[in-house]
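Participant: The lines below spell out each chain.
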Amino acid sequence: AQSVAQPEDQVNVAEGNPLTVKCTYSVSGNPYLFWYVQYPNRGLQFLLKYITGDNLVKGSYGFEAEFNKSQTSFHLKKPSALVSDSALYFCAVSDNTGGFKTIFGAGTRLFVKA
Amino acid sequence: DGGITQSPKYLFRKEGQNVTLSCEQNLNHDAMYWYRQDPGQGLRLIYYSQIVNDFQKGDIAEGYSVSREKKESFPLTVTSAQKNPTAFYLCASTQGTGNSYEQYFGPGTRLTVT
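Those protein sequences? They're chains S and V, same order as listed.
The working numbering puts the first residue of the first sequence at 1, with every later residue one more than the last.
The working numbering puts the first residue of the second sequence at 1, with every later residue one more than the last.
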């Protein structure tokens, strides 16, 4: 069965500092990994994905994530945080066995302080 | 939120009434999903559909029903059997082929049952 863990309910960083939002996963096959962002009372927006290829993937708004197979992790990173990055971030995983079923983590709330 | 519409944005119902939430997409995506979001619990999958006239139960399907008569539409009915229906409901779609497995989300419907 697929599962996703986001160990931090909340991450606080100062504007201009690097940020990391952690995610670990479990799937039976090869993982398809995703990060999404949600602003208050809105739907989720896709940020980036890992399907295959380079372990470091780059996405929207300067975000990137590194796929680490041995640690089953897919942490979201950004070199310099902005106040406007404050939002709720979700990690998600699908396996490639068909069915397109995706499991989402519980979410991590990011606060960026000016 | 582009390409997926959900209506209405806010919905109020009395306990014991069935209610249907609308989801329409113009992205020509094959797969569609319904999720429920509660505070601190992330997104939980209710139903998903890979193709017209076919759908599968997700993790919390009890008290819900769906139909997929058209590729563009995937309405969700919250029945009176759903014990705790008050939540934020999100519809999503994905192409699910090639390298395109990310989901596109609608703006959500906030259902309040009293």
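There could be a bad hint or two in this list.
[Claimed, not checked] Just a few of them, taken from the derived set where beta-carbon distance is under 10 Å, the chain S residues facing chain V:
| # | residue |
| --- | --- |
| 1 | PHE34 |
| 2 | TYR36 |
| 3 | ARG42 |
| 4 | GLY43 |
| 5 | LEU44 |
| 6 | TYR61 |
| 7 | PHE63 |
| 8 | GLU64 |
| 9 | ASN68 |
| 10 | SER86 |
| 11 | ALA87 |
| 12 | PHE90 |
| 13 | ALA92 |
| 14 | SER94 |
| 15 | THR102 |
| 16 | VAL112 |
[Said to hold, decoys possible] Output of the computed footprint for chain S on chain V, the stretches with three or more beta carbons under 8 Å from beta carbons of chain S:
| # | region |
| --- | --- |
| 17 | 14-24 |
| 18 | 105-113 |
Honestly, the hints are just simulated from the structure, not real lab data.
In this text, a Cβ means the ideal position worked out from N, Cα and C, and glycines have one as well.
Participant: Could you work out which earlier hints the structure fails to respect and list their numbers in ascending sequence?
Facilitator: 6, 7, 8, 9, 10, 11, 16, 17
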